[in-house]
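Enquirer: For reference, the chains in residue letters:
Protein chains: 2
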Amino acid sequence: MNALTFWWRARLAPAEAAPHEGDQCRFDRKPCPDLCPKALDMNDETPSSPRRAGGRAARRAMRAAPLATDKRPVRAGLEGGQLRVLSDIDIANIHEAALTALEEIGLADAPESGIKILTGAGAILGDDGRIRFPRALVEDMLAVACKDITLCGRDPVNDLHLNGKKVHFGTAGAAVHVVDVAGRDYRESTVQDLFDAARIADRLDNIHFLQRPMVCRDIADSYEMDLNTIYACCRGTTKHIGTSFTEPDYVAGALEMLHLIAGSEEAWRARPFLSNSNCFVVPPMKFATEACRVMEECIAGGMPVLLLSAGMAGATAPSPVAGAIVQAVAECLAGVVYVNAIKPGHPAVFGTWPFGLDLRTGAMSVGSGEQALLTAGCAQMHHFYGIPGGAAAGASDSKLPDMQAGWEQMCSNVMAGLSGLNMVYEAAGMHASLLGFCHESLILGDDLIGQALRCVRGIEVSEETLALDVMRATCLGVDGAKGVGHYLGADQTLSRMETDYVYPSLGDRTSPKEWAEKDKPDLLENTTAKKDAILAERSLAEFDPTVDVAIRSRFKVHLKL
Amino acid sequence: MNALTFWWRARLAPAEAAPHEGDQCRFDRKPCPDLCPKALDMNDETPSSPRRAGGRAARRAMRAAPLATDKRPVRAGLEGGQLRVLSDIDIANIHEAALTALEEIGLADAPESGIKILTGAGAILGDDGRIRFPRALVEDMLAVACKDITLCGRDPVNDLHLNGKKVHFGTAGAAVHVVDVAGRDYRESTVQDLFDAARIADRLDNIHFLQRPMVCRDIADSYEMDLNTIYACCRGTTKHIGTSFTEPDYVAGALEMLHLIAGSEEAWRARPFLSNSNCFVVPPMKFATEACRVMEECIAGGMPVLLLSAGMAGATAPSPVAGAIVQAVAECLAGVVYVNAIKPGHPAVFGTWPFGLDLRTGAMSVGSGEQALLTAGCAQMHHFYGIPGGAAAGASDSKLPDMQAGWEQMCSNVMAGLSGLNMVYEAAGMHASLLGFCHESLILGDDLIGQALRCVRGIEVSEETLALDVMRATCLGVDGAKGVGHYLGADQTLSRMETDYVYPSLGDRTSPKEWAEKDKPDLLENTTAKKDAILAERSLAEFDPTVDVAIRSRFKVHLKL
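Those protein sequence lines, which keep their order, are chains D and Y. Everything in the first sequence is counted per UniProt numbering, starting at 1 for the first residue and increasing by one. Everything in the second sequence is counted per UniProt numbering, starting at 1 for the first residue and increasing by one.
Just chain D, same shape as in the assembly (with noise of 0.2 Å):
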């Protein structure tokens, strides 16, 4: 973007960029009804107005100094709830019903360790195994629940302040295939592939966190592969990782690690950069027991836990979308019960992760409008708790990053954004409905949200941004001299130009002859290109060389480097 290009094209784009119910400027016809390079009267070498002359070198230097991150058009951390897709009434109406669902359904299968937990804190254990919260034991937990999480990063410049409406997107769990888009095929996902998703998540300006989006299915020994996931996770990135564990027994190794990682148990316990996404439910209504004693495990070794409940609607949770949030914040009220009964105020995001099913056939379907109303109004009742949480959104159904996947993800993720859903997981890069994870779409995910995160940014209104006078100076003109009759070389469009306006990475604007003049190039030619432009570079993420000769030592890293 250089000031000169800015000019000529400015001046000679509008006349085939135009809007043209009244088309006939293409054709010289009359009437030219709206924008057309006469009506702009843009023959003039400096459209500058006097008060800006010799502005164009001014111009220039701003354009070429990186925009502070304040100033920056979007960033994490971003209020959105703006989109309130349930009213008062409704919140309360499911609050009721999951409280109700709660002290007279309850919940089945709690390892012995979280019967004792929760019976120690005041749930019941009925005779038919299941555990029944009384309502004043979930407000009482509620009243002493994390309100306020911060979820780090190795770079603290990558922190996470989870409060409020405070919307941030990444990557969540976990496919099983990576998705070759040149040559449209899955196959299985390995560490390499996740190690890659790591790097390059880390150069994406609009991937807050990374959740472990694929397994590594080359590694077949269960407790290595969840160490090689964090090994391979931590490596590429510095933003905050997410992942679980098969087995209780495994976090203690996994905490080993990440000591060495963090330089020690102190640093660590300081800033945990990892959380442990813990699937604590089998819906519906059932604790998962192993999952279960992971959290305890976790949560001991000053883990922040995702307490995620992922039914599915129609299948294990109700079909109507009210049901299944009803479910999902019924099992998590009980997550947040069992974790506070442990250790008050430990950070716990409230995952409720309802999904929508394709109740044709029977499989899951996460693309759906369906599934945009599930997260949407699962955002709206982390509100009601006033507790951070998380959702799903983002993922697709279709196989490849094509026309179905773009506005899949965008349908939820925009929708997401707006509700401010403090976490939206699966954000980027998921297909074939949480099965295949891709590469190239994770990138082009960059730009898509980075549109969602403008759309949650919102409408600024002010005096200045209202324009009554450089409306006024365009339309009459200033001191005597007639408008211009454009805003081209407005002050305020120039310095409005990069704070205002989130321009694509990859997204092309091109008119149809500059594309053409460009060989029509590929949207997914171009994103693997640029994949293999930030798979060629060393990663930022790197350990210091004694910490990974450490880990090196007392664990077996898969990772060839």
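Each hint should be verified, as a subset may be incorrect.
The list treats identical chains as interchangeable, and a pair is accepted whether it falls inside one copy or across any two copies.
[Unchecked claim] The calculated DSS-like cross-link candidates involving lysine-lysine, where the alpha carbons are at most 25 Å apart (straight line), are: (1) Lys286 to Lys482; (2) Lys482 to Lys166; (3) Lys343 to Lys147; (4) Lys531 to Lys520; (5) Lys71 to Lys166; (6) Lys116 to Lys286; (7) Lys116 to Lys343; (8) Lys518 to Lys531; (9) Lys518 to Lys530.
Since the hints were derived computationally from the structure, they do not count as laboratory data.
Let chain D serve as the given structure and place chain Y on it in line with the hints.
Expert: Chain Y in isolation, oriented as in the chain D frame:
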């Protein structure tokens, strides 16, 4: 979709399609913290409960019967409004700024006839030739303006009832190219392309109206082009049509053709099935002299008008989103005064269509987040005035129906719908920042808009949908019988399968395995096949042969049949 397939798939699919944070169920590892076939315990051949014994035939019959229109999950006229990108204060400030702009800046270039009409109503002609609007005049005209517009289809089943926050999606103009998807090429659009677009739109449930999407570039004479546009659109669809006229003198001929199609002038005036999309202003703040005269002729002929203000933020409108909305609102308010000074209560859609600009290059950009905000903000201004309104959403900057097109089209479409925009123009098929129209994209737009409409429909919260009883029965059982632990066999799941869930027509939800077995179908190839199938069928909108003869003997009709 048949019952057998449903149950067979339901039993097999969840294993592969399960959410799988702790995803070892795929590898026969533990734990399996969410849905897996074992957890579902679905080994019995008839998962139905005794109450529904023998229900399979009934289910099959139920699914074979078409749904009544009012039972369909989505349809034209669903109520939006859940998204509010502007606060009440923002709206008041934009209104106030627009009134100030009308009072102090006013509009230039009204035709002689318009000056007479407007000053006769109370507007003030200044020495500078600009017409300024006292606030009281604007408020008086808002009071008499039409608040409840019916845009008729030639078939009454396609009538659109515009009021409140009811949402309708359709195409708009006007591309000068048609996109050849297979050839990755742009070529000049023809009357045949326009006719084909009309025939395709006629078959798509979620395309509610057809504003002419393409210019017939194979017709050199502009009068013939305007009339052939009407012919091709009306002959292709019985949905409401929008189009524009190059010269005021052309309107008489157009009305003559419309009277022939309707059967008589009386029949036309009783149910005008075509409206005039009228760019009555050249932003900023100038009347489009000739277009205003076209508008006067259309009003006299009983034709509804779309008052279209298409400024480009940063070029012909202020660059901040708020300022661009202010100007568009001011210009359309001037239009409201104009129309109602001629004929109080004449149906006129408040067409604030501010477009975005890529400020780096000066080229138009319609697929951005800024565009989605411009349109969503405008919808709220329409509601503030209580006047049916329209704006542009769903257009893409991409040249082809690729992933970028998908995310761009969904972003602004779903936000427009959630904002309760009455008329969402440019909602399908539009590419290259309005320069190219694509038939395949139009067809895929039907899926995309169906999904957006599902989001607009929102979440139904009632005692039934909160599903506590179903949850109880599923988890605890009924009448002493153990709960089945899943919802696939629940009555509620079946009964909501078709009324609550939207299924894409071309969007693919197969698993990678099924997809590979089907030879990896390509979204665009499938769409082209659907296009060919539609175009191979006879148009259902054809004129009575005697009418067609009458039109062809009176006008030069270019379309070969």
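Enquirer: Are the hints correct? Go through all of them and say.
Expert: Going down the list of hints, with the structure as the test:
When the C-alpha separation of Lys286 and Lys482 is checked against a cutoff of 25 Å, the pair qualifies only between copies, where the shortest distance is 15 Å, while the shortest distance within a copy is 74 Å. Taking CA atoms no more than 25 Å apart as the test, Lys482 paired with Lys166 passes in neither setting, with 46 Å inside one copy and 43 Å between copies. In the homo-oligomer, the alpha carbons of Lys343 and Lys147 lie at most 25 Å apart inside one protomer (14 Å), although the nearest pairing across protomers, at 59 Å, exceeds that limit. Proximity of Lys531 and Lys520 under a CA criterion of 25 Å is satisfied in both settings, with 20 Å inside one chain copy and 24 Å between copies.
Taking the shortest Cα distances, Lys71 and Lys166 sit within 25 Å of each other inside one copy (17 Å), while across copies they are farther apart (37 Å). Taking the shortest alpha-carbon separations for Lys116 and Lys286, only the intra-copy value of 16 Å comes in at or below 25 Å, while the best inter-copy value is 76 Å. For a Cα distance limit of 25 Å, the shortest separation of Lys116 from Lys343 inside one copy, 14 Å, qualifies, whereas the shortest one across copies, 78 Å, does not. Proximity of Lys518 to Lys531 under the C-alpha cut-off of 25 Å is restricted to the intra-copy arrangement: shortest distance 20 Å within a copy versus 29 Å between copies.
For a Cα distance limit of 25 Å, the shortest separation of Lys518 from Lys530 inside one copy, 17 Å, qualifies, whereas the shortest one across copies, 31 Å, does not.
Hint compliance for this structure: hint 2 alone is broken.
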